[in-house]
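Chain order of the listed sequences is A and B.
Quick note: the working numbering has the first sequence finishing at residue 181, numbered continuously throughout.
Quick note: the working numbering has the second sequence finishing at residue 192, numbered continuously throughout.
Hints are computed from structural coordinates only; laboratory data are not their basis.
Please read all numbers here as calculations on a predicted model, not as lab measurements.
Backbone N, C-alpha and C define an ideal beta-carbon position, used for all residues, glycine too.
With a Cα cut of at most 25 Å, we get these calculated SDA-like pairs of lysine to any residue:
| no. | chain 1 | residue 1 | chain 2 | residue 2 |
| --- | --- | --- | --- | --- |
| 1 | B | Lys49 | A | Asp57 |
| 2 | B | Lys49 | A | Leu59 |
| 3 | B | Lys49 | B | Phe29 |
| 4 | B | Lys49 | B | Pro113 |
| 5 | B | Lys49 | B | Glu25 |
| 6 | B | Lys49 | A | Leu84 |
| 7 | B | Lys49 | B | Val173 |
| 8 | B | Lys49 | A | His86 |
| 9 | B | Lys49 | B | Gln31 |
| 10 | B | Lys49 | A | Asn60 |
| 11 | B | Lys49 | B | Glu60 |
| 12 | B | Lys49 | A | Asp83 |
| 13 | B | Lys49 | B | Glu176 |
| 14 | B | Lys49 | A | Ile122 |
| 15 | B | Lys49 | A | His85 |
With beta-carbon atoms standing in for the labels, derived distance ranges:
| no. | chain 1 | residue 1 | chain 2 | residue 2 | range |
| --- | --- | --- | --- | --- | --- |
| 16 | B | Glu176 | A | Met82 | 19 to 27 Å |
| 17 | B | Thr135 | A | Gly71 | 52 to 60 Å |
| 18 | B | Ala45 | A | Thr150 | 23 to 31 Å |
| 19 | A | His54 | B | His99 | 21 to 29 Å |
| 20 | B | Ala151 | A | Ser50 | 41 to 49 Å |
| 21 | A | Phe4 | B | Pro9 | 53 to 61 Å |
| 22 | A | Pro41 | B | Thr46 | 30 to 38 Å |
| 23 | B | Glu174 | A | Ser45 | 43 to 51 Å |
| 24 | A | Leu59 | B | Asp36 | 23 to 31 Å |
| 25 | B | Asp36 | A | Phe4 | 34 to 42 Å |
Chain residues, written in single-letter form:
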Amino acid sequence: MPGAVFRRGDRVTLRTVEHEDAEFLQRGHNDPDVAVPLGVNMPENESEAQASIEDHEGDNLNVSLLVCLEDGGDPTPIGQVYLMDLHHTRPELSYWLLPEYHGNGYGTEATEVLVDYAFNAHEIRGLQAQAFAPNDGSVGVLENLGFEHEGTLRDARFRDGEYVDVVWYGLLREEWEDAEVDD
Amino acid sequence: MPGPIVETTEDVTLRTVEREDAAFIQRFYTDPWARVGLHATSHKNEAEVEETIEEEFEDDGNAAYLVCADGEDAPYDHPDDEDTTPVGFVLAVHVDRDRPNIVHWVAPEYRGEGYAEAGLELAVETIFRTYDVHSLSTNPVDGDEATRQRYESLGFVHEGANREMEFVEGEYRDVHQYGLLRREWEA
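For reference, chain B alone in the conformation it holds in the complex (with noise of 0.2 Å):
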């Protein structure tokens, strides 16, 4: 179950990932487009997701969300099942860096209803207001369209493609670099 509130809007809000979102995170790592973005070539049980979210996601270096769907009286504090349905998470790595490193996901089944977008917009909002970095980058694989799109969207400019760079579904795929600095994000 999700934590407290972090950041909030009309459309989705963004909870501290617990311990207990294990299950839920763990459904990343059976993506094998969207855990390609950690370098995690292989699947991971659930108790290798507790120990990655104890030492990377809780690392303070990196900063992770819970994107969540929060119901009308969801609490900010500790919410019930009732209260709130987590759809997806955001994790920026290296926010004491010059240039974090950002990934996101949404789980399948909530997936055209504006949920990434809108988590998306406003990780790299908060991102922005809390950390004095000078720009973020990501790097999706060549042939995931929908998360290219996302991010120019958001005003990520393309910055190259290294080629060939890592084995997703059966053959090399290139992975492209984005980049968005703060003052085109200000803008």
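Here chain A stands alone, though its shape is the one from the complex (with noise of 0.2 Å):
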């Protein structure tokens, strides 16, 4: 069950990982659908995952969100954001949504609430992200929230049995800035 709500969007709320967790970010490390896009490729046992989430306690550089639907009742988990390496100029971020609420723009959303955090909380220059090419999905999330496509290196992973291409995208802060304006 997840934890408390650390911050709110409309319809997404991201709450803080628990250790009872570990069974379902484990459902999601191993599901192809989520893993291979991320560029997971070994499996992860419940005891790996539980030790992921220990590891991340007292960790203040990174930063773990379940991303949950609210119906009143008990918050149902759907997916992950994070948050990497907030001692840099520009952290990066990441997020994965389980198979099943892909295509309502749930991801657009829980990270539109990462990247208000992240500016908001953290005296940082801008942020970045990563995506496999093709990955519509994910490069449609970024796109959305005002990121630039910053780069494509050519042939960087290896990945369901090729080489891909790895876009880089980033937001600056007066991008992020401007876009709030707009909304």
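Make one complex out of these two single chains by using the hints.
If you want it as structure tokens, here you go:
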């Protein structure tokens, strides 16, 4: 069961990751529709999922939150968002949703809540994100949020039987502020 | 003092980095442009550099080479002080993965003598011959034109620039993304 609400969007909440969420995270990390686009190429058992949750406790440079749907009862976890390397000039974000929740705009909404938190709470210059091409869903989320395409690294990662390009995206603080005004 | 020879040409020699080379490597971390290549925002003292050699340079997933100017009779084995002069180093991070990242540095007093070009070229050749990597990448900071040109002259292709990615010399700087595929290197 996910923990307390940390940030709230219109339809999704970002909640803290609790020990008992290992089973949920394990399910996501092993599902090929989630893991392959993320670049995860090893199986993860429940005790490894548990250990990775515990490793993040007390870690001030990385933030991990569960994306949840709320219907008044217990929250339903549907995915995860991360911020990595908060001590860098431009920390990196990433996210995944279970396949059955794709296509509803939840990814864009959860990521927007995370981006707002990152710029509001941390004195960072910008954010960055990478995706393997082709990953239209992931790139769509970034473009919806105003991220600029900054480069395409050719044949940079091996996944799903072949070398694929890695696309890099970046969002600077003033671009995020401009987008906020537009909202 | 550097260790035995890993690779050598007429112009330059690559030797193993030993822990006693920490004082030399430390000078890399006082170069504000160069250390950014290893995400080091601060300088390091000698003890910190020894630890970095132990944890990073000696990691099986990374490959470190001391670029040396050998004397005529320098031995393949452990050299004495008078046999060789360390002039720089090359470090490739994650040679066990799809695309290692490469950083190189030459001490200021040895610049302009071709050591950076020769050392980098020999290191790239050695990495492609030793590890089954598909490509190499490097990330010079905007404004460090000499470094960019050196990679371009070896055939590295400009693949993008992350805007204002690092804080160097009082301002945010773009960081360039370069890649070199094995088939491009071999062609």
